[in-house]
Amino acid sequence: MRLRANDTKFSFLHAVCPLNLFAMSEPIPPPPETRVLLRTQGEWLLVELQGAWRIIETRPSWLALLAGREPAQVKLVWGRLDDWDSALLLFVFEVRQWCHAKKVICDLSALPEALQKLLRQLVVVNETAMPSDRSRDFLTMVGLAAQDLWAKTKDIATFVGECVISATNLAKRPHKFRWRDCLDEMQQCGAMALPIVGLISLLVGVIMAYQSAVLMRQFGADIYVADAVGLVMVREMGAMMTAIILAGRTGAAFAATLGNMKAGEEIDALQTLGIRPVDFLVMPRIVALGVMMPLLALYSNALGIFGGMLVSRGVLDIPPAAYWVQTLTAIDLSDISTGLIKASAFGVLVGLAGCHRGLRAERSAAGVGRATTSAVVTGLLLIIVSDAIFAVMFNILGW
Amino acid sequence: MNTTDHSLPAIDVADLACGYSGQVLIKDITFQVKRGEIFFVIGGSGCGKSTLLRHLVGLNAPIAGTVKFFGECFNTATSDRQREMLKRIGVLYQGGALWSSLSLLENVMLPLEEYTPLDAAERAELACMKLAQVGLSGYDSYYPSEISGGMKKRAGLARALALDPAIVFFDEPSAGLDPLTSRRLDELIVNLRDLLGMTCVVVSHELASIFAIADRVIMLDKQAKGIIAEGDPRVLLTESKDARVREFLGRGEDAQTAARQNQPSP
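Chains as they are written, first to last, in our numbering: chain B, 1 to 399; chain A, 1 to 266.
Computed beta-carbon distance windows for the label pairs: (1) A/S101 to B/V123: 54 to 64 Å; (2) A/K222 to B/V124: 17 to 27 Å; (3) B/N169 to A/A208: 38 to 48 Å; (4) A/Y143 to B/N169: 22 to 32 Å.
Each computed DMTMM-like pair below joins lysine to aspartate or glutamate, with the alpha-carbon atoms no more than 20 Å apart: (5) B/K75 to B/E48; (6) A/K68 to A/D12; (7) A/K27 to A/D242; (8) A/K222 to A/D28; (9) B/K176 to A/D80; (10) A/K241 to A/E230; (11) A/K87 to A/E113; (12) A/K241 to A/E253; (13) A/K68 to A/D15; (14) B/K176 to A/D119; (15) A/K68 to A/E230; (16) B/K176 to A/E114; (17) A/K225 to A/D242; (18) A/K68 to A/D28; (19) B/K176 to A/E106; (20) A/K222 to A/E206; (21) B/K75 to B/E43; (22) B/K172 to A/E114; (23) A/K34 to A/D194; (24) A/K34 to A/D5; (25) B/K176 to A/E113; (26) A/K87 to B/D268; (27) A/K68 to A/D5; (28) B/K172 to A/E113; (29) A/K27 to A/E230; (30) A/K225 to A/D28; (31) A/K87 to A/E72; (32) A/K225 to A/E247; (33) B/K176 to A/E122; (34) B/K172 to A/D80; (35) A/K241 to A/D221; (36) B/K176 to A/E84; (37) B/K103 to B/E127.
Just so you know, the hints here were simulated from the structure itself, not pulled from any lab data.
Ideal Cβ placement from N, Cα and C applies to all residues, glycine included.
Taking the hints into account, I'd like the entire structure generated from these sequences.
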């Protein structure tokens, strides 16, 4: 029995078009259904496979073909097959599995040896492949997380300890310090960051001046904009903005560089030469950041105050000289030095975070990416936390 | 580390267990490498060859057992002492592992700079000589990113040789090299041994190199999690009692089975 007799349609077309207009056009692919012919022969349901089977096309569904029939015995027959690939294999497998489930006899002996061989491989895979259970219960997860946290804490403590030992060693023997690398890094993280730090600081100064101008004007206290901008810039924003820029710019670069060096076994090569990676790679970078950060913060302070001056001149009509004199009365050396102490600490922290993440990166491209992300996030977190500690500390000290 | 006492073996490994984060990958590793020997660690992919190497040179701490270089225990020594001992050991990494921010000359000069009292001119001279030894004269000022994989490997070897080490470890020296370059590297290893009396430990699965230059091999196996054979590879190929060893060395063909099949049936 044929499911759909398309052949008759074809001959009909040929009959009405004697010129055979269709001969030149692309052969029309047979609809999917014609690839399987179902015939009943006594107890047997004969399934004849024919046509072209390609994995990129939709294959006929066995259940749809059956359409509710419940044969007692199924036999697959090799018909006029033009071409076949895994699509046919999957179909035969589907039939076999269905027969298996329904306890129906399935005769595959008429199929060629090649297909049977492939089918056996598929059956083996299907029976042996057990999806492994990777889920864990709640307590195990808590335990693992706690172990992980402990290991990470220990790791960070070890790293900081190594840095301290290395710093004392290098202080005793300064000729062992990689001065050239350190100067290179200073160039990279200091001089090269001037444009971006300058632009951002100037705009921060402008924004603060605008915001405080709105408030001050109501009291006729326009000139105190200089106090607000000067104090906030020098005590807080200068160091903070510089640190945030360098966390994104330099901390990420440290992590990526060291992570890549680790992936390329360059760190191993240092270790097997008996050179401590911390001495060789970490110290020059941390010193570079610790030195350059206060300098950049000072530069940032100047540009922030300059930004405030511009707004005062343009919007509030305060002459620059008056603004400058007012700024000088508002800030003193202790304000500037607290900012610079903070900047130096931020520099060391950003450097530590970047180098630590880089040295602990996994040996792969994705690992380096994660290390970089984590370096920036850790750097920012350390900046904010330490800033809060500094705020409390300076308050107690009365600086 | 007494390199003058010639009765001591260069490397003495006893009951070593290696693995990462507490999980044992290979265990009960015991072998000795004689002075001036070219010793191969062989085995299929994933059997722990490179892991063993990392544990031997101290990049990972062994789970159990001891590693002795010239009679002195390495893995239980203090880290300062370990660094001292590592000066007499060179390692050639798979990809060369050159420091990418330094030129080839600076790469080779760095160990000299760290550990020798030589002045700058002498260091440069010596480094140039080491580069010439591996066939890289004229490439002194190149950076690692500017040269090919084979050249990186050779430059890495020049750096490993900078301090005239007593033992050199090679991690898959012929991986990724064309047959000719790989052969040159083999010849270089033999030359080094003959000229300088270095002990060479090579991790490899390159059969051509194994048969060409190995004095002795140990074979690791993933299932056995340890050594399954030790000896001269040419002898092992035909006479090993373990079919896995004969098959590996015969590139999938077992010499004994073949011989049995060729025998005329009575």
